[in-house]
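Student: In case you want the letters, here they are:
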Amino acid sequence: MFEEVGTTTEGDLVINMGPQHPATHGVLHLVVTLNGETIKNVEPHLGYIHRSIEKMCESLTYRQFIYVTSRMDYLSAHINNHACAMCVEKGLQLEVPARAQVIRVLMDELTRLASHELWWGAMAMDLGAFTPFFHAFREREVINDIMEETCGARLTMNYMVPGGVMHDLHPNFQQRVKDFLQLYKRKIHEYDELVTGNIIFQNRMKGVGIISPEDVLSYGCTGPVARGSGVSSDVRKLYPYEIYDKLEFDEVLEDGCDSFARYMVRIREMQQSVRIIEQLIDNIPDGEFQAKTKAVLKLPKGEFYSKAETARGELGVYIVSEGGTTPYRIKFRSPGFSNLSALNHLVKGGKIGDLIAAMGTLDLVIPDIDR
Amino acid sequence: MTNEELKTTLGELAATAVIDEADANGWLTANIEAANWLSFAQSLRNVPELQFDFLFCLTCVDWKTHLTMVYHLRSTTNKHELVVKAKLDRNNPEIETVSHIWRTAEFHEREVYELFGVKFLNHPDLRLLILPDGWEGKKPLLKDFEDPINMIRL
Chain A
-15 MFEEVGTTTE
-5 GDLVINMGPQ
5 HPATHGVLHL
15 VVTLNGETIK
25 NVEPHLGYIH
35 RSIEKMCESL
45 TYRQFIYVTS
55 RMDYLSAHIN
65 NHACAMCVEK
75 GLQLEVPARA
85 QVIRVLMDEL
95 TRLASHELWW
105 GAMAMDLGAF
115 TPFFHAFRER
125 EVINDIMEET
135 CGARLTMNYM
145 VPGGVMHDLH
155 PNFQQRVKDF
165 LQLYKRKIHE
175 YDELVTGNII
185 FQNRMKGVGI
195 ISPEDVLSYG
205 CTGPVARGSG
215 VSSDVRKLYP
225 YEIYDKLEFD
235 EVLEDGCDSF
245 ARYMVRIREM
255 QQSVRIIEQL
265 IDNIPDGEFQ
275 AKTKAVLKLP
285 KGEFYSKAET
295 ARGELGVYIV
305 SEGGTTPYRI
315 KFRSPGFSNL
325 SALNHLVKGG
335 KIGDLIAAMG
345 TLDLVIPDID
355 R
Chain G
116 MTNEELKTTL
126 GELAATAVID
136 EADANGWLTA
146 NIEAANWLSF
156 AQSLRNVPEL
166 QFDFLFCLTC
176 VDWKTHLTMV
186 YHLRSTTNKH
196 ELVVKAKLDR
206 NNPEIETVSH
216 IWRTAEFHER
226 EVYELFGVKF
236 LNHPDLRLLI
246 LPDGWEGKKP
256 LLKDFEDPIN
266 MIRL
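Chain order of the listed sequences is A and G.
Just so you know, the first sequence maps onto residues -15 to 355 in the working numbering.
Just so you know, the second sequence maps onto residues 116 to 269 in the working numbering.
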């Protein structure tokens, strides 16, 4: 692929962006064809962090394979685990206790907050603003500490298991989450003051990276990318799982279709996540945190599909079972993979600087794309 | 559209398709001949009562005797879902591309092409996506794939 680099017969310049580029947030390799500063084509080359997770899962039991999935979208590790656990539960027709459901939703929303914060800091850094990164990580650190106390890990938590969660919440959990919310509500305005209202920032974001609602559907984009173009795609609202149908929160929709709209969706989603956590944190029901399950799980013969809303969009888990203790075939429909496929469409005809901005608003996590 | 209505409409549309009862997910499965896939896909996308505008999952399963392409479709306007399956010959797997109907299929088909070896006819850009350039030999997600260096099973 490197031999493509150089000047084409039409006089266009072909350059490599990545795999080691600070704005790709991982090992994504883009081959960009430029005419002056105008982008003619963007060609992603994937696989630098491909571990063939789907193949590995074929030899892991239904309890084991969930741990591997934390390593896909590592910023939404809880939600990955959650989707897999739900798929196994669907096969076993297992009822999850009320307490476990609330704990799961709490953890999911904390994860979403942490993920969006990292995105916000990293995105601002892509555009040349370094301070927001520290602000974002300061608050994200508190969430990581809360996770560490209950789950024992800061990034790949592996807390969700078929039937519920692995162990009960830490006694400090409720108080620490409440303290965090107090702190966070004071800080969230800082985000707007630092970045959102900034005129240079707005000029770089508005009107670039446009994707129409029809193209969003055709490219299979989900999550904030779809909602930034006004396409309703929130799995929590459309196909509610756990207790999401009993909660009060809004699906955030923006109709700008540009980078700024996608930015605003995530900013407003953070506020919705705070709203969900506030509703639940004082109402965690008593009872079991895990349903009784057999030591060895066997799924009946058939096909099972579950979906969950990660911070990046709709994650699908498709298990084909032959009745054994391991999946016969497993497929992860990762949101990042479909979102990335729209990148060329987003930036074609724009300037090279807008590529960085548009890519930032896609919120790509490379291990999620490569799997 | 409910599953019963969907079944009737699909029956009128494609007489050769075998429609299975709803699976554990509550979705109907349409089993079709690979040769009929392109025209079937076009009607699924364009018939106003169906309007499957969102291809949310595209993958392949190796059954050792044959391969099965699996397409998961959703209509965001009519709120229904459908699974379409097509059997392929394992020695020479070929099927028409649908990347011009659902653009997301372009990347997903490239993935299936390199991991299963399925050839998508008329695909605009059928090249390796994830595997390193110049990858030769067995396709990694086939059941008889062995890797002497990297651990792929316990």
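In short, the hints are calculated from the structure, not lab data.
Positions of the beta carbon are idealized from the N, C-alpha and C atoms, including for glycine.
Take these hints with a grain of salt, some might be off.
Stated by the list, open to error - List of simulated lysine to any residue pairs, SDA-like, C-alpha gap at most 25 angstroms: (1) LYS332/A with LEU241/G; (2) LYS194/G with GLN48/A; (3) LYS282/A with THR(-9)/A; (4) LYS194/G with LEU241/G; (5) LYS285/A with TRP142/G; (6) LYS285/A with ALA132/G; (7) LYS221/A with LEU143/G; (8) LYS200/G with ALA149/G; (9) LYS200/G with LYS335/A; (10) LYS74/A with LYS254/G; (11) LYS74/A with ASN207/G; (12) LYS74/A with GLU196/G; (13) LYS282/A with ALA149/G; (14) LYS254/G with GLU196/G; (15) LYS74/A with MET109/A; (16) LYS253/G with LEU44/A; (17) LYS332/A with GLN48/A; (18) LYS194/G with ILE227/A; (19) LYS258/G with LYS221/A.
Stated by the list, open to error - Distance windows between CB atoms, simulated: (20) LEU(-3)/A with GLU120/G: 51 to 57 angstroms; (21) ARG138/A with THR124/G: 48 to 54 angstroms; (22) MET150/A with GLY252/G: 36 to 42 angstroms; (23) MET116/G with GLN48/A: 36 to 42 angstroms; (24) ASN207/G with PRO284/A: 29 to 35 angstroms; (25) THR192/G with ILE184/A: 35 to 41 angstroms; (26) GLY(-5)/A with GLN166/G: 41 to 47 angstroms; (27) PHE114/A with VAL162/G: 51 to 57 angstroms; (28) GLU251/G with ASP234/A: 36 to 42 angstroms; (29) GLN166/G with ARG138/A: 22 to 28 angstroms; (30) GLU120/G with ILE(-1)/A: 51 to 57 angstroms.
As the list claims (entries may be wrong) - Covered by chain G, according to a simulated footprint, are these stretches of chain A (three or more residues, beta-carbon under 8 angstroms): (31) 97 to 107; (32) 228 to 235; (33) 333 to 340.
Student: Is LYS200/G within 25 angstroms of ALA149/G, Cα to Cα?
Tutor: Distance of about 9 angstroms is within 25 angstroms: holds.
Student: Using the beta carbons of MET150/A and GLY252/G, state whether their distance is inside 36 to 42 angstroms or not.
Tutor: 40 angstroms, holds
Student: Under the criterion that the straight-line Cα-Cα distance not exceed 25 angstroms, is the pair LYS254/G, GLU196/G satisfied?
Tutor: 30 angstroms, violated
Student: Hint says 22 to 28 angstroms; check whether the CB-CB distance for GLN166/G and ARG138/A agrees.
Tutor: Because 45 angstroms falls outside the window, the suggested range is violated.
Student: Range first: 36 to 42 angstroms. Now tell me if the beta carbons of GLU251/G and ASP234/A are that far apart.
Tutor: With Cβ atoms ~52 angstroms apart, the hint is violated.
Student: Sort out whether LEU241/G lies within 25 angstroms of LYS332/A, counting only the CA atoms.
Tutor: 21 angstroms, holds
Student: Measuring from beta carbon to beta carbon, are GLY(-5)/A and GLN166/G in 41 to 47 angstroms?
Tutor: 44 angstroms, holds
Student: Keeping to a limit of 25 angstroms between CA atoms, is the pair of LYS194/G and GLN48/A held or broken?
Tutor: 34 angstroms, violated
Student: Look at the Cβ atoms of ARG138/A and THR124/G and judge whether their distance stays inside 48 to 54 angstroms.
Tutor: Holds, since ARG138/A and THR124/G (Cβ atoms, about 51 angstroms apart) stay within the stated range.
Student: LYS253/G and LEU44/A were given as a pair; does the straight-line alpha-carbon distance stay at or below 25 angstroms?
Tutor: 22 angstroms, holds
Student: Has the given pair, LYS194/G with ILE227/A, been kept, meaning a C-alpha gap of at most 25 angstroms?
Tutor: 21 angstroms, holds
Student: Are the Cα atoms of LYS332/A and GLN48/A separated by 25 angstroms or less?
Tutor: 42 angstroms, violated
Checked against the numbered hints given earlier, this structure breaks hints 2, 3, 4, 9, 10, 11, 13, 14, 15, 17, 19, 28, 29, 31, 32, 33; the rest are met.
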